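Once you've looked at the hints, dock chain B against the given chain A.
Protein chains in written order, with the numbering used here: chain A, 1 to 316; chain B, 1 to 306.
I should point out that these hints are in silico values taken from the structure, not numbers from a laboratory. Note that the structure is predicted; figures quoted are calculated from it, not measured. Just so you know, not all the hints are guaranteed correct.
[What the hints assert, rightly or not] Here are the computed lysine-lysine pairs in the DSS-like style, where the Cα-Cα straight-line distance is at most 25 Å: (1) K162(B) - K101(B); (2) K101(B) - K70(B); (3) K143(B) - K56(A); (4) K144(A) - K101(B); (5) K56(A) - K200(B); (6) K267(B) - K41(B); (7) K267(B) - K70(B).
[Claimed, not checked] Selected chain A positions facing chain B (in silico; Cβ < 7 Å): (8) M135; (9) C161; (10) H174; (11) S177; (12) I295.
Where a beta carbon is used, it is the ideal one built from N, C-alpha and C, also for glycine.
Below, each chain spelled out in residue letters.
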Amino acid sequence: MSDTTPAAKAVHREKSGDARVAQETTAIVRPAAVSSPARTSRHRDPVGPLEFHRRKWLWAIFGMTIVLLYAPILSLMAFSFNNSKRNIVWQGFTTDYYVRAWNNASLFEAFTNSLTIAIIATVISTVIGATVAVMLWRFRFPFKAPYEGLMALPIVVPEICMGVAMLTFFNTIHWPSGGAWPLNLSAIIIAHVAFCFPFVAIVVRARLAGFNRELEEASRDLGASEWQTFRYVIVPFLKPGLVAGALLAFTLSLDDFVITFFTAGPDAITFPVKIYSMVRFSVTPEVNAASTVLILITVIATIFAVRLQAPSKAVE
Amino acid sequence: MESWKRSPLVFAILALPATFWLVVFFLLPLGFVWILSFGEKTSLVDVEITWTLANYWRALDTIYLEIIWKSVWISALATLLCLAVAYPIAFLISFLSPRMKLLMLMAIIMPFWINMLIRTYALIAVLRRNGYVNFIAEWLWNKANLVLSAVGLGEYHLLGEKFEPLPLIYNNFSLMVGLVYVFLPFMVLPLYATIERLDKSYLEASLDLGASQFRTFVSVTLPLTMPGVVSGVILVFIPCLGSFLIPDLLGGTNAQMIGNVITRQFKQANDWPFGSALSFLLMYVTFGALALRAFFAARGARRTEE
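Here chain B stands alone, though its shape is the one from the complex:
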């Protein structure tokens, strides 16, 4: 690697476009939002920058605190579900032949490339009142009633007078399904990367020396793949926390997350300063999570050196 001083012109030509774009079309806009978050609305359209902290204080109101809290636990639960599903999958893939590995990994990751909106829309068609799941449920209900009639129990209406569609959409359930469905690949990838590198002879040694499969998993496999777990958890948790589209389309009126509140401030309520404060709070949480990940990564690296 050479010093930039050796050919400053080439250095400048190569560095300029990206630096310009990053500063003008990314850092500057973020700076605008940051400044706006200390502003006050003076009329319907005007905002005055008074360096007030009122917008941040407002985020601590019970109503917003509840939504923030809800966003956190919904994201945490979705992350946990992703982990529970992704770990066995990543584990299985890491034991396959190289060719199969690539194929199976692609199969899991392919949906990730398909437009998130289209995937969410596909879920709506599955979960809605007259969607596929309810269609099958109704069919089963009719069949079950036929069977009941056949054995002479028809007039008791054991399964209710009429088929009631299952409430599968516009609630916390559909929100959770949507988050897990969309973000699962984010969990599989880092988990696979660590389990793949895990020296399988450690497992062999543990089993050989009399530890049960369960004990081996808890005391050997899991601790050794912890960096992947941490990476995956953070990679899923961050986008879940900031998601707007999934709660908007799949969550009901009371299954809203912080992203929806931010959007509402900008699109309907027209309270940009408050929306800016909320989005910076979301960013601080994100950076906190990333710092945590860097900390664990550094600790993991030190351990391996020892």
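The following block holds chain A by itself, in its conformation from the complex:
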């Protein structure tokens, strides 16, 4: 073909094994792709065509985005310490609003509810998610592909549809919405488990992919029972995956607003639902204070989860 672009030709040449061209190309590309400490001294060089990490306009977009992403959150956190109800001009440092948020009975109750729900939902979804992950990893069975598709469904269905479904379901079967604490939270916990455990399953399965099946066989050969193999070989190997999955479930549950909004009865309020009703009326430093606490909990949990999943830690 005569109209083949030069670029395509070059690519073709390289692919077809022209060693010289391939070598040249990698030699030119390497400085752009790898930045070593030695290169920092040469920053006054003209920017190479592939040195996109030295393009100012790209960094400008990146910087702007970071500022726009973080400025609202950071100002929210900062103004939780502001000694003013008007919430806009800095009037001095105070932790009054944390004390007030702490003493706000309904806000505190919502916060404990959220934590209780998150903890129980995390435990259940970690167990369920991990067992199904082990099952999918170990066994071959008919209709496996559709089964896996169904398992991923709670992840892809729009939140609002799932919320509506939960509301309809619990209403139709007349699930008791009252009862003593924490029984009044049961509907929310069930709903949270339903959307959390598929995420746990994904994380645990990713971890299982790196498992050496010979370890399992060796354990059986040496006379361990099914249970012993599971308990002393598979679970210890899975531990980082289990913790990462659990932390993911914890943040997902703590974060959820839409599904809880539909599932929660009148006397079972969670923190996001409470904030929602407060925000509709006004913006107060008390909400800022409570939000700051929640942000810190989430950030810490996330950092733990990410560190556990980092590739360097996966290899043991």
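The following block gives chain B in isolation, referenced to the frame of chain A:
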């Protein structure tokens, strides 16, 4: 991988909890909603399942069709804006050193982990009438007036008699800002995953052979990273379309989306059958988008094999 028949008991123990939960607490509820969408309201609280299609027909009324149409174009525009911002970011990150890559990626994704409600609330504080942006705008307005007075133009009121706060909230603008703000990380991740895997020597070859940066981007980079673009577009478009919280808190009375209509049917209007029909329509659109993504992924995989 062994057959389930070799140890059926272990298989059953491992499979049962998840299958039970999925069927009883997920598929069954969805089934309830599906059946309810063919129901008719007989009184304030009673619904009779008559297998009517009236609820679906009602969704085609002009008023609802307008809201559905609006949800689609608002989501599409928000997705496009996300793409425009996320592509350069993902591109830049893929050219950094491994350590920097991880750090910068974390910096972009971290906000995604923070409660969506809190992030939306944070935006309200920025955009509202007496929020931070208007505070700065007023300050600038006062300074500008001082300057004008100093040069003797003070009495003409060139900037108006009084500072008017910018209308930043409870309209389509704030809705768009909210959607882009909340869903941006969904776009960066898949884009980064594909650009990262892109063999940079293709770009080198294109540039080497005389193509301009622009030409290289249009004819080499963009086509090769198309799978990531499609993934990102769908990952942002779907939650945008189904969003309820952001239009509820940031959109005004006339900046409502399909999610708000569904919520209203269940929480205020008490017309569950119609709300069910709407939520199933939303689900069909979602599945359509996912099928489209699977189609593109399959096509992309075939191309690479060739």
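Against the structure, the hints come out as follows:
1. At most 25 Å may separate the alpha-carbon atoms for a hinted pair to count; K162(B) and K101(B) exceed this at roughly 48 Å.
2. Distance check on the hinted pair: K101(B) and K70(B) sit about 37 Å apart at the alpha-carbon level, beyond 25 Å; violated.
3. Pair hint K143(B) plus K56(A) does not hold up; C-alpha atoms about 31 Å apart against a cutoff of 25 Å.
4. Of the supplied pair hints, the one linking K144(A) and K101(B) is violated, its CA atoms being roughly 37 Å apart against a limit of 25 Å.
5. Simply put, K56(A) and K200(B) have alpha-carbon atoms about 20 Å apart, close enough for the 25 Å limit, and the pair holds.
6. Note on K267(B) and K41(B): the hinted pairing holds, with a Cα-Cα distance of about 15 Å set against a maximum of 25 Å.
7. Between K267(B) and K70(B) the CA atoms are separated by roughly 22 Å; this keeps the pair inside 25 Å, and the hint holds.
8. For M135(A), the suggested interface contact is upheld, since its CB lies about 4 Å from the closest CB of chain B, less than 7 Å.
9. The restraint placing C161(A) at the interface with chain B holds, with a minimum CB-CB distance near 4 Å, inside the 7 Å limit.
10. Interface hint at H174(A): violated, since its Cβ lies 13 Å from the closest Cβ of chain B, which is beyond the 7 Å cut-off.
11. Restraint check, S177(A) versus chain B: the minimum CB separation of about 15 Å is more than 7 Å; hint violated.
12. Interface hint at I295(A): satisfied, since its Cβ lies 5 Å from the closest Cβ of chain B, which is below the 7 Å cut-off.
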